[in-house]
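Visitor: Listed below are the residues making up each chain.
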Amino acid sequence: MLFKELRIKDFLIFKGTNLIEFPSVDESDSSLVLVLAANNAGKTSIIRALRFLCYGDLLGYSDKPFELINKAARNDAQSNIDGWVQATFIDNKKTVTFKRSISAIKIRNGYNLNSITLQKIDHKPDGDRFAQDQTVMQRQLEKLVPKELFDYFYFQGEDLAKQLMEGTRHTSIASGFSKMLHIEAWTQAASNVLAVGKKFEDELRNLVRSNREYHDKLEKLETFRMNHNDFQDKLKELASEDKEVNRSIIETSNKIIGLTEGGPNEQWAERLKKCRLEQKKSEREIIDIDNNICRIVSDTKGIPFLVKEFSAVSLVLKEMQDANLLPADITEGFVERLLKSNTCICGRPLHLVENQVERNCIDEYRNRSLSSELNSGLMGLLNALEEESKSSYKRKVVAFIKSAGEAIGKRKKLIVKQYELGVEIEDLEQKLSSAKHEEVSRLLRKARTLNKRRLEIKDDQTNYESRMKATKRLLDDLNIEVQRIANQRNISEENNLLKCQEHATQIHKLIHQSLRILKKSFHEIMQSSISQYYDTVVTDGTKAYIDPESLLPAIKTLEGDTQKNIGGGQRQLLVISHIIALSQLRRELHNQLYNLKIGVGKLDDQSFFMDSIFAPTDDVYARHVANILHGKARQILLLLAQQQWHESVRGAIEPHTDKVYRFRLFTNKENVKEEDYFVNYQQKKVSLVKLLDNKGSEEISYSRIEEIN
Amino acid sequence: MTDIRIPKEAAPLLPYCRPSLNSRSNACFDTYADFIIFVASYGFYKTGKDGNQAVSEFLDQPYPVDIDIFKNRNLFPQILFLGISLTGSHKIVTDEERLARMIENYAFQGCRELNELLKKTIPDAFHIELASLVREEGAL
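Protein sequence lines correspond, in order, to chains F and G. If you use the working numbering, the first sequence corresponds to residues 1 to 709, in order. If you use the working numbering, the second sequence corresponds to residues 1 to 140, in order.
Be a bit skeptical, because a hint or two may be false.
[Claimed, not checked] Some, not all, of what chain G presents toward chain F, calculated at C-beta under 8 Å: (1) 45; (2) 57; (3) 58; (4) 93.
[What the hints assert, rightly or not] DSBU-like cross-link-like pairs, simulated, lysine-lysine; straight-line CA separation at most 35 Å: (5) 519/F x 49/G; (6) 99/F x 198/F; (7) 394/F x 273/F; (8) 396/F x 71/G; (9) 412/F x 91/G; (10) 458/F x 220/F; (11) 340/F x 71/G; (12) 394/F x 120/G; (13) 390/F x 119/G; (14) 91/G x 318/F; (15) 280/F x 119/G; (16) 340/F x 91/G; (17) 684/F x 673/F.
[Unchecked claim] With beta-carbon atoms standing in for the labels, derived distance ranges: (18) 12/G x 364/F: 30 to 38 Å; (19) 346/F x 19/G: 51 to 59 Å; (20) 319/F x 62/G: 34 to 42 Å; (21) 12/G x 295/F: 16 to 24 Å; (22) 322/F x 62/G: 36 to 44 Å.
Treat the hints as calculated values from the structure; they're not laboratory data. No residue lacks a Cβ here, since even glycine has one placed at the ideal position from N, Cα and C.
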């Protein structure tokens, strides 16, 4: 924003209507307006008047605001009176006038405040437009002149230096910069996007909460789907393994066939098998024969050992037969019974006691009788010794000898056969072993293992297939269920919210990144500029430093410590350097945006009112400041007191001044002499004071702004 | 009641009797009575009439075998045979005690002989030895 003109009427020190016209400047130009003033002529009132205009600040007159109206004007007025400040600005090629007035009503002993009003006129090619809403007007005005930066743009000497030197703590100026450089807009945009994202998130959360069932189902669906996929993968793996195992089985079988088919190996193996069968058979036969032999031995009862005695014993038994002892037809029992009955078997009575013959006869019976067991035994023996008898010992012995001989012979043969089979088996085993038997065995073992694995794979496949089928059924059911719930809810809304939230997050991230880059770029431009104007001039080795976050300046010693106590000249140099750096930055920004064809108006369209910037400065710094001042900002209004307009400043400023004004003090003070208030400007003497005639009456002092031609 | 005791020398041969607790798979004799009559016959064959020497040591286990068991298993005629063969007379047949002692005496002799045979062979083949003995010694 640049000033086109500034008018002040009957306000503070100014009486009547006072005008400062600013030279019009091209986009690339800069202008310097010089205002020379006597001491205490009220040059600071310009800045105060501006503050009143911009913000309605009562400037310490809140108890009696009407006192803002110039006292002399009030004294002269017969009735109500008003004072005002009016500025016409050029902002982004638009011309707008703001005017704030204060009116007072005259009462018997003075004035009462009537009103303070703000007016705005938009100057358009087709005519002026008067705004109505004061609140809107005020907002527009504050946008043109940010409150935080008022002291920076329209500053009075050391005050600004002090504020800037407070460093990053001075948040209002930093915040003003942030607004001015649109950093705040970026931050605001970031926080807006964040808020939008948060809003989406909240809405999403609400939506999700209301559809918890849907999400539970979805989660379950996902789990089942994963399981289903796992089973599918597992089945694929098993199928692949099965294929591989099958291939190995065929390969192994082919190898076995190749090793065993045809040739002697097969015959040997066949013969070995037969031999082993025969061996087992003969083992069983031997066992049978052994059992038979045992039975034969037992059955002989040792009779064969008695063969030689057969005839002798037969003779004794013959004798017994001859003696009628055998068979023992009369047994001992019969004789005993006979003796007890006293009657013979023929019926005649027995007289054994009296008749010796009868007694002897019976005794002889007794002697020749045998027990039935003995009779039976002897008869059996007699029969056994009869050669013709079927159960004769002789026949038995012959049979025993024959069967024993046969059994032993057969056994012997079997033993021989077994031995021969054993030898053959050993031989065959040896042959097969030395051939490829081991390899065949190994392959057979491998084939068995592979077959076993194949069965396991089949089992696993069956298992996984049934599990997959079950999962598929559940999945289908769940899908239907999810679809049913989905039909009842607005999924697209959720998806949109999700997308929006994602976009908001991305935009937020992008804005942050951009802001970081922007700030870095701002810092680099300002640092470079301030170093150029400050570091090269100071002689104590201190360096100007721009805080990357606040963009406020600071002074650092060679050791890197922040230096706060520096001389007035250095302070002013720092302020001017910072102003120039900021102007450079704005100009740079403008150029870059212009190159990008982004029309945002002239970012460096800024006017600066600098009041008494040489007051605390020695000549050396004053000259440096004066030298670097011109051409660095688009519009500068330099307010200088009479004593600051010394030769070194004048030499540097005068050639670059586009317009020059004086604050002429009108006073009736007795001790004021006009000759004391002359300044040189372009080899002319310019008076800054005019004495009023009405001496003796009330002391009157007021100023008027007059252009010096 | 007349018992026939088992001589101590029978101990190594008892595994060849099936009732024995430690009987072998090639045990031949179904009862101790069968065993006694077999070994007594062999003892008589090997020693003749001289072999009828009184024996003093007998086994506590197995218990002595009642002569009725011999009768029941139709082994009594053989006892009678040995008695008649030893004495050359039929008179002995009525004296069961004498017959029983005679059997014990010849069983002792038979066991002693078979023990020697057992020492020369392997236990698993002893039944073959016995069969060979029957075959060779009993040749008519």
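Visitor: Starting from the hint list further up, note which numbers the structure goes against and sort them upward.
Guide: 2, 3, 5, 6, 7, 9, 13 and 18
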